[in-house]
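Novice: Below, each chain spelled out in residue letters.
Number of protein chains: 2
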Amino acid sequence: MDKRTTYCGLVTKEYVGQEVTLSGWVQKRRDLGGLIFIDLRDREGYVQIVFNPDESKEALAIAEKVRGEYVVTIKGKVVERHESQINRKLKTGEIEILASSIEILNVAKTTPFYIEDGVEVSDDLRLKYRYLDLRRPEMSKIIRTRHDIKRAVRDTLDDLGFIDIETPMLNKSTPEGARDYLVPSRVHPGHFYALPQSPQLNKQLLMSAGFDKYYQIVRCFRDEDLRGDRQPEFTQIDIETSFQSAEDIQTMTENLLKAVVKKAKGVDIPTPFPRMEYDEAMARYGSDKPDVRFGLELQDVADIVVDTDFKVFSQAVENGGQVKAINIVGGGKAYSRKQIDALGEFVKVYGSKGLAWLKVEEGELKGPIAKFFDADKQAALTERLNGNVGDMFVFVADKASVVAASLGALRVKVAKELQLIDEEQLAFLWVVNWPLFEYDEEAERFVAAHHPFTMPNESDVALLDTKPEDVYAQAYDVVLNGYELGGGSLRIYDSAIQAKMFKALGFTEEEARAQFGFLMDAFEYGTPPHGGIALGLDRIVMLLTGRDNIRDTIAFPKTGRASDPMTQAPSTVSDKQLDELRLNVTAKEE
Amino acid sequence: MDKRTTYCGLVTKEYVGQEVTLSGWVQKRRDLGGLIFIDLRDREGYVQIVFNPDESKEALAIAEKVRGEYVVTIKGKVVERHESQINRKLKTGEIEILASSIEILNVAKTTPFYIEDGVEVSDDLRLKYRYLDLRRPEMSKIIRTRHDIKRAVRDTLDDLGFIDIETPMLNKSTPEGARDYLVPSRVHPGHFYALPQSPQLNKQLLMSAGFDKYYQIVRCFRDEDLRGDRQPEFTQIDIETSFQSAEDIQTMTENLLKAVVKKAKGVDIPTPFPRMEYDEAMARYGSDKPDVRFGLELQDVADIVVDTDFKVFSQAVENGGQVKAINIVGGGKAYSRKQIDALGEFVKVYGSKGLAWLKVEEGELKGPIAKFFDADKQAALTERLNGNVGDMFVFVADKASVVAASLGALRVKVAKELQLIDEEQLAFLWVVNWPLFEYDEEAERFVAAHHPFTMPNESDVALLDTKPEDVYAQAYDVVLNGYELGGGSLRIYDSAIQAKMFKALGFTEEEARAQFGFLMDAFEYGTPPHGGIALGLDRIVMLLTGRDNIRDTIAFPKTGRASDPMTQAPSTVSDKQLDELRLNVTAKEE
Chain U
1 MDKRTTYCGL VTKEYVGQEV TLSGWVQKRR DLGGLIFIDL RDREGYVQIV FNPDESKEAL
61 AIAEKVRGEY VVTIKGKVVE RHESQINRKL KTGEIEILAS SIEILNVAKT TPFYIEDGVE
121 VSDDLRLKYR YLDLRRPEMS KIIRTRHDIK RAVRDTLDDL GFIDIETPML NKSTPEGARD
181 YLVPSRVHPG HFYALPQSPQ LNKQLLMSAG FDKYYQIVRC FRDEDLRGDR QPEFTQIDIE
241 TSFQSAEDIQ TMTENLLKAV VKKAKGVDIP TPFPRMEYDE AMARYGSDKP DVRFGLELQD
301 VADIVVDTDF KVFSQAVENG GQVKAINIVG GGKAYSRKQI DALGEFVKVY GSKGLAWLKV
361 EEGELKGPIA KFFDADKQAA LTERLNGNVG DMFVFVADKA SVVAASLGAL RVKVAKELQL
421 IDEEQLAFLW VVNWPLFEYD EEAERFVAAH HPFTMPNESD VALLDTKPED VYAQAYDVVL
481 NGYELGGGSL RIYDSAIQAK MFKALGFTEE EARAQFGFLM DAFEYGTPPH GGIALGLDRI
541 VMLLTGRDNI RDTIAFPKTG RASDPMTQAP STVSDKQLDE LRLNVTAKEE
Chain H
1 MDKRTTYCGL VTKEYVGQEV TLSGWVQKRR DLGGLIFIDL RDREGYVQIV FNPDESKEAL
61 AIAEKVRGEY VVTIKGKVVE RHESQINRKL KTGEIEILAS SIEILNVAKT TPFYIEDGVE
121 VSDDLRLKYR YLDLRRPEMS KIIRTRHDIK RAVRDTLDDL GFIDIETPML NKSTPEGARD
181 YLVPSRVHPG HFYALPQSPQ LNKQLLMSAG FDKYYQIVRC FRDEDLRGDR QPEFTQIDIE
241 TSFQSAEDIQ TMTENLLKAV VKKAKGVDIP TPFPRMEYDE AMARYGSDKP DVRFGLELQD
301 VADIVVDTDF KVFSQAVENG GQVKAINIVG GGKAYSRKQI DALGEFVKVY GSKGLAWLKV
361 EEGELKGPIA KFFDADKQAA LTERLNGNVG DMFVFVADKA SVVAASLGAL RVKVAKELQL
421 IDEEQLAFLW VVNWPLFEYD EEAERFVAAH HPFTMPNESD VALLDTKPED VYAQAYDVVL
481 NGYELGGGSL RIYDSAIQAK MFKALGFTEE EARAQFGFLM DAFEYGTPPH GGIALGLDRI
541 VMLLTGRDNI RDTIAFPKTG RASDPMTQAP STVSDKQLDE LRLNVTAKEE
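Order-wise, the sequence lines are chains U and H.
Per full-length UniProt numbering, the first sequence starts with residue 1, numbered consecutively.
Per full-length UniProt numbering, the second sequence starts with residue 1, numbered consecutively.
Simulated from the structure, these hints should not be mistaken for lab results.
Check the hints yourself; a few may be wrong.
Because identical chains share one entry, a pair is satisfied inside a single copy or across any pair of copies.
As the list claims (entries may be wrong) - With a straight-line Cα cutoff of 25 Å, these simulated DMTMM-like cross-link-like pairs (lysine to aspartate or glutamate) come out:
(1) K109 / D521
(2) K128 / D248
(3) K353 / D300
(4) K416 / D303
(5) K289 / E441
(6) K3 / D248
(7) K588 / E511
(8) K353 / D303
(9) K262 / D159
(10) K258 / E383
(11) K3 / E247
(12) K399 / D300
(13) K576 / E224
(14) K91 / D159
(15) K399 / E438
(16) K213 / E44
(17) K65 / D521
(18) K128 / E509
(19) K141 / D155
(20) K265 / D158
(21) K213 / D155
(22) K258 / E484
(23) K467 / E510
(24) K348 / E55
(25) K576 / E589
(26) K3 / D460
(27) K576 / E442
(28) K467 / E224
So that you can see chain U by itself, here it is in the shape it has in the complex (with noise of 0.2 Å):
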């Protein structure tokens, strides 16, 4: 094959007269006149190659049998289009190449979808033929803006002084956080390594072995079910920093992601960006990640409705609960009776027992709950909330969990159906000063809310032992647009708070010694304080390319049940391989 000179997708007017060689897939082929038509692509986009007799009938002859999805290379001259015929919207739309030569590199049969944006096929079958999928110009530039962001992340980070260093793959199994994917040793019959979660110890090692500014952009692993945008391996930019405030690390952040949104999208975002606390983000929000680019916020009303006869309200907040409210501008207008059934059905999924709701009138709230509330409540109710004329009030009353999750979830749903939202807009948010617990009711004991190795705030390490529930911890989680796009920490470096962390978790001291000890002794040899940061690459790739699922931003993802239609992974194995990892399988999946 002859040397291609440039690319199908850059030929400008500014060739015009040259002789250029491509090479490319054929996207379409219109015989016209005589004449044959080609659009060639590659990965910088489509030119038009025309074959025509007077040039070379040798040429046209060859064209005559190409199909969609050939790889070609041709040679001609770039030549300007007839006024008539340029295409302005395509970079390559003023000319056209008067092909005097084609050669056929490889044939294709006919594709089970059109290589072309916006196909409606199965997901299922776009991960089967995957490399087709990829050839689409959309999900193309998908894994090329993913190298862009990655690339701004590095440079970035190298400026500032950060050393990518790689940590192990195959490590041991923790018994706390998510499921590991477990892999079996040969040589150790009967032993496991885990692959990383997150490379958490690791990057705190580093900060003990005196590298000060690690990082690194690395493959982890979950093996947890997939709902929503979650894969079995993520990838995850990994940050951690010795003798740094929580601050400085927030700024550094702030940092990077403004480097990477004007790289992915041309755009300054401003810094820094607001900072609000977790027990602020849960009260006007009902979520940890808020969506802060519409109203709706979250009021509590308890007061106003504790000593009314509507006992669903007066009960909960007896019982110790919440009854909060948010006011759906002109909602009263746009929700129909129906459509508010279907809010109550949908808070359901969140715990709650039901929606309650109230329509602003002239003078009056309306509704079947509005006899209990009299003119005084009534007036207090639309006061609190800041109702207008044409407004709906929606009520959860439950515990404050069940609350925040359904009014927070409802909240979401109400503005995009009321398109409320500014899609341009990127709502950058720090979330600080998280509890370092919560409560698993089905273990019956504290988790760590971030992980276990999280600093609590100073005044509040006298009450790790005591009470768990009130510890704050130097916590962050960075959000965008109701994302978490991250979350860091500063994390623990004196062995006896760890050591408290522990027992506050249920882990026995053998237990820890067992699991942590090589942790533990590193901060008895000088650990420097530090902290850091982990950020999900996949979610800022889905984020700023306007997805939403990240299977896009991945080459190779795998589908909701972890597998991969295109070459079966899993997979069942040979005999020998498991007798070698001395393993029997005990149930086959058919």
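Following the hints, position chain H against chain U.
Specialist: Structure of chain H alone, referenced to chain U:
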């Protein structure tokens, strides 16, 4: 703690008169005439801190409590040292810091070994306390050079339009090549993923997807017994391109390595690298990765010795084997009888039955086998081997593979013993035109010399069915100082040739389809001609930092038995974990 204003190792004369704040580790404390001197270390180097009662009694009192590896922050004024105290070996040797305050951030027990270069401790102890081992400046420097090398790779490839694309870690297990690390699937009981030995198929599919220029610095895995400089996980610079010739890929690789060496050693290496055919490398050096920094080449002497009475030689030739010799220049004096015996033992490891030898003396060859060669033969040998008085000829007679392995290894051993190697030289070399197959005597079948996706030479395709041993491949290895840095090839992109290849490797059609059907499919939907290369990052770092094992280039490596003395990985896991994976362990290491 106060915020550090610069790094310890960066405080030079320009800072004199300034107040600085530094954080780091106490390398050494000396008490002298009422003063305390501390060498404070951070990642950039050391600086001397002086505590003096006139400056601050309080700081002096705290400094008295400080021990080695304590983590401290100090504040003080930079002053010039007295002329007599200047240490020109140290970047900071012209100044010292008069401390006004010191804060102890963390204490340290006595470390199990000194934090300094060249410590003589066992590898196991170093790995158990890897965070201390990495504090040693020589180790810290390797990890930073590794980062510099990666940065040079990325900058070079990014600027050439390569796209960094991440490929999966959870793949399908394939029977060809080395042993896979398996990952049991919980969602699909009895099914397993495999960790990648290389992203070979994925990168080929990315070419089918049209990305045109791909790279990735990627973790790969091989569950093989670890000899020499192998690790269960290793890092590969993985590259693939479309529409490029083997020469294009070699030139790109040369430019890449040029940038890497420039970054790591500040040296310009000449390009293009010499090319040597595989057959010539084997003939002249007995190795497919010859160290060409020295001579000691192999000479074929079969024609001279075949008709002598020394049966070892003559029969070897008659049986289709070889007789080859090396002239060890000056070896007559350098090697005693006992040392020659040791060389004889050495070659036995490579399957040879022994080493014959002759010393060149005035007018004749001497040694136990001299009597078998008359004056003419002796003259012929001396001429062939370019012998002079004082030299020694060593011979191995056996089948070709044993002769090559024995003499190939022997020439390296002798060159080291006689110090014939210029350690500063970087002898890059391409070994090209490889056989497509090698015969696996154990499996009694042909296996791929590189991998089953390597493109045979066009003219040899017809031989695939009939004489696979005569098929050569469009494959190339890049070699540095006797180490294979990486290997690459043009790939098959035609499903018919790929099918022939699988057949030659002993696959039935069904087996090939079951394992690699998706690749053969991709070839039928317009896959372009493509090829690439993969370079071993660990080995590149090892050679450019002058180390002799890759463990030193990896932050957290495994032992020779694939375990981690620090975390105790791999470890046993809970019954719950095994139950979820539907696995039974049939034999357990205690």
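Novice: Identify every previously stated hint that the structure contradicts and give their numbers, smallest first.
Specialist: 2, 4, 10, 24 and 28
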